[in-house]
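**Q** First residue of the sequence shown? That's 746 in our numbering, and the numbers climb one at a time after it.
Honestly, the hints are just simulated from the structure, not real lab data.
None of these values were measured; they are calculated from a predicted model.
Hints may be right or wrong, so weigh each one.
Each computed BS3-like pair below joins lysine-lysine, with the alpha-carbon atoms no more than 30 Å apart [what the hints assert, rightly or not]:
{"no.": "1", "residue 1": "K1006", "residue 2": "K1018"}
{"no.": "2", "residue 1": "K747", "residue 2": "K964"}
{"no.": "3", "residue 1": "K812", "residue 2": "K767"}
{"no.": "4", "residue 1": "K882", "residue 2": "K747"}
{"no.": "5", "residue 1": "K876", "residue 2": "K991"}
{"no.": "6", "residue 1": "K842", "residue 2": "K949"}
{"no.": "7", "residue 1": "K849", "residue 2": "K767"}
{"no.": "8", "residue 1": "K991", "residue 2": "K882"}
{"no.": "9", "residue 1": "K767", "residue 2": "K882"}
{"no.": "10", "residue 1": "K849", "residue 2": "K991"}
{"no.": "11", "residue 1": "K876", "residue 2": "K849"}
{"no.": "12", "residue 1": "K849", "residue 2": "K964"}
{"no.": "13", "residue 1": "K1039", "residue 2": "K767"}
{"no.": "14", "residue 1": "K812", "residue 2": "K882"}
{"no.": "15", "residue 1": "K1023", "residue 2": "K767"}
{"no.": "16", "residue 1": "K1018", "residue 2": "K767"}
{"no.": "17", "residue 1": "K964", "residue 2": "K876"}
{"no.": "18", "residue 1": "K747", "residue 2": "K876"}
{"no.": "19", "residue 1": "K849", "residue 2": "K747"}
{"no.": "20", "residue 1": "K747", "residue 2": "K991"}
{"no.": "21", "residue 1": "K767", "residue 2": "K949"}
{"no.": "22", "residue 1": "K876", "residue 2": "K842"}
If you anchor each label on the Cβ, the simulated ranges turn out as follows [claimed, not checked]:
{"no.": "23", "residue 1": "K991", "residue 2": "S908", "range": "17 to 23 Å"}
{"no.": "24", "residue 1": "L796", "residue 2": "A945", "range": "44 to 50 Å"}
{"no.": "25", "residue 1": "G785", "residue 2": "G1049", "range": "23 to 29 Å"}
{"no.": "26", "residue 1": "N1030", "residue 2": "F942", "range": "36 to 42 Å"}
The C-beta atom is built at its ideal place from N, Cα and C for all residues, glycine as well.
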Amino acid sequence: MKITVVGAGAVGATCADNIARKELAEELVLLDIREGFAEGKALDIMQTSSLLGFDTRVIGSTNDYSKTAGSSVCVITSGIPRKPGMTREELIGTNAKIVEGVAKNLLQHSPNAIIIVISNPMDTMTYLALKSTGLPKNRIIGMGGMLDSARFKTYLQQALNCSQNDLHATVIGGHGDTTMIPLTRLASLNGAPVSDFLNAEQLKQVAADTMVGGATLTKLLGTSAWYAPGAAGAALVEAIVRNERKVLPCCVYLDGEYGQKDICMGVPVVVGKNGWEKVIDLHLNEEEQAAFNKSAEAVRNMNGVLAEAMA
746 MKITVVGAGA VGATCADNIA RKELAEELVL LDIREGFAEG KALDIMQTSS LLGFDTRVIG
806 STNDYSKTAG SSVCVITSGI PRKPGMTREE LIGTNAKIVE GVAKNLLQHS PNAIIIVISN
866 PMDTMTYLAL KSTGLPKNRI IGMGGMLDSA RFKTYLQQAL NCSQNDLHAT VIGGHGDTTM
926 IPLTRLASLN GAPVSDFLNA EQLKQVAADT MVGGATLTKL LGTSAWYAPG AAGAALVEAI
986 VRNERKVLPC CVYLDGEYGQ KDICMGVPVV VGKNGWEKVI DLHLNEEEQA AFNKSAEAVR
1046 NMNGVLAEAM A
């Protein structure tokens, strides 16, 4: 099996490193537009092979999409990262043209590939990838909900002083500081509601911290985070190539689910070898559904900005 990661920056290289370590493919192609950059990252990863005990062959390419031919899964991380004070939405003009071109180039050489979108603003970039390629909806997946949920679990772990691996917690909605919805009502610690251990004020703070999780890191680092986004992308790849049929929060095209149509947003879906298979209905209460509808409105507005930028 072959997997391609487009964009050899911090997120793409971290994603590729995780994929190689997990031996999810016989061959992994890392592609970037900067001369020699992907080749250097690929060689660096390969030099860890004997130290870490994996046999995945990692190949770097400077914008030569022919080397990606026959890929089963392609991950798009391309685009400019966020700077302090910048919203994901401010990236749209530049990143839209990049993502559209990348998706079309990938499919020219790997027409059966499943495409994972990490580029921001992710909900709109996922929608763009779907509409511009005409692929079946199950083969385009945005990664954001997995990252947001991982951040949700981190803040819950800090509040509970527990193992993150005992937590089940999901974030749905848009992948934005004001549009994501951490579902505190449904979060649990090894089967027990987290509300048994945290009061309403504590849960409210956890949710608030989760929603600005990306912005917090951008402020601290001076650029977008990469370890968690890269790991989330690799985990999604793993669910596909190993046909795990895990329920994962991902950005997918909705056609009536959760009361929304013609939009890509984060919801829990079953993920396996064919991409995402079905949407899981969490039976939101009235307050949660209202928040989801408000999130959808914001995503639609951003899709409108996309349409203007691409006109």
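**Q** Hint by hint, say whether it matches the structure.
**A** Okay, the hints, checked on the actual structure:
1. With a CA separation close to 25 Å, the supplied pair K1006 and K1018 stays within the 30 Å bound.
2. A C-alpha spacing of about 36 Å is found between K747 and K964, which places the hinted pair above 30 Å, so the restraint is violated.
3. For the hint linking K812 to K767, the alpha-carbon distance of about 22 Å falls within 30 Å, and the restraint holds.
4. Distance check on the hinted pair: K882 and K747 sit about 22 Å apart at the alpha-carbon level, within 30 Å; holds.
5. Taking the CA atoms of K876 and K991, the gap is about 26 Å. The hint holds against a cut of 30 Å.
6. Between K842 and K949, the direct Cα distance comes to roughly 38 Å. Violation of the 30 Å bound is thereby established for this hinted pair.
7. With a C-alpha separation of about 28 Å, the suggested pair K849 and K767 falls inside the 30 Å cut-off, and the hint holds.
8. Simply put, K991 and K882 have alpha-carbon atoms about 18 Å apart, close enough for the 30 Å limit, and the pair holds.
9. The hinted pair formed by K767 and K882 meets the criterion: a straight-line CA distance of about 27 Å does not exceed 30 Å.
10. A C-alpha spacing of about 28 Å is found between K849 and K991, which places the hinted pair at or below 30 Å, so the restraint holds.
11. Proposed proximity of K876 and K849 is supported: the alpha carbons are some 11 Å apart, at most 30 Å.
12. A distance of roughly 34 Å separates the Cα atoms of K849 and K964; the hinted pair therefore is violated under the 30 Å criterion.
13. Restraint check: the Cα-Cα separation between K1039 and K767 comes to about 38 Å, which exceeds 30 Å; the hinted pair is violated.
14. Note on K812 and K882: the hinted pairing holds, with a Cα-Cα distance of about 26 Å set against a maximum of 30 Å.
15. About 26 Å separates the Cα atoms of K1023 and K767, which keeps this hinted pair within 30 Å; it holds.
16. Our distance criterion of 30 Å between C-alpha atoms is met by K1018 and K767, whose separation comes to about 17 Å.
17. Taking the CA atoms of K964 and K876, the gap is about 33 Å. The hint is violated against a cut of 30 Å.
18. For the proposed pair K747 and K876, the alpha carbon gap of about 25 Å is at most 30 Å, so the pair holds.
19. Note on K849 and K747: the hinted pairing holds, with a Cα-Cα distance of about 18 Å set against a maximum of 30 Å.
20. Straight-line distance between C-alpha atoms of K747 and K991 comes to about 21 Å, which keeps the hinted pair within the 30 Å bound.
21. A hinted pair counts as satisfied when its Cα atoms are at most 30 Å apart, and K767 with K949 does not qualify at roughly 36 Å.
22. In summary, the hint linking K876 to K842 is supported, as the alpha carbons are separated by about 13 Å, within the 30 Å threshold.
23. Between K991 and S908 the beta carbon distance is about 19 Å. The supplied range of 17 to 23 Å therefore holds.
24. Separation of L796 from A945 is about 48 Å and conforms to the stated range, judged on CB atoms against 44 to 50 Å.
25. At about 40 Å, the beta-carbon gap between G785 and G1049 misses the expected band of 23 to 29 Å.
26. N1030 and F942 have their C-beta atoms about 21 Å apart, which leaves the hinted 36 to 42 Å range violated.
Checked against the numbered hints above, the structure breaks hints 2, 6, 12, 13, 17, 21, 25, 26 and satisfies the rest.
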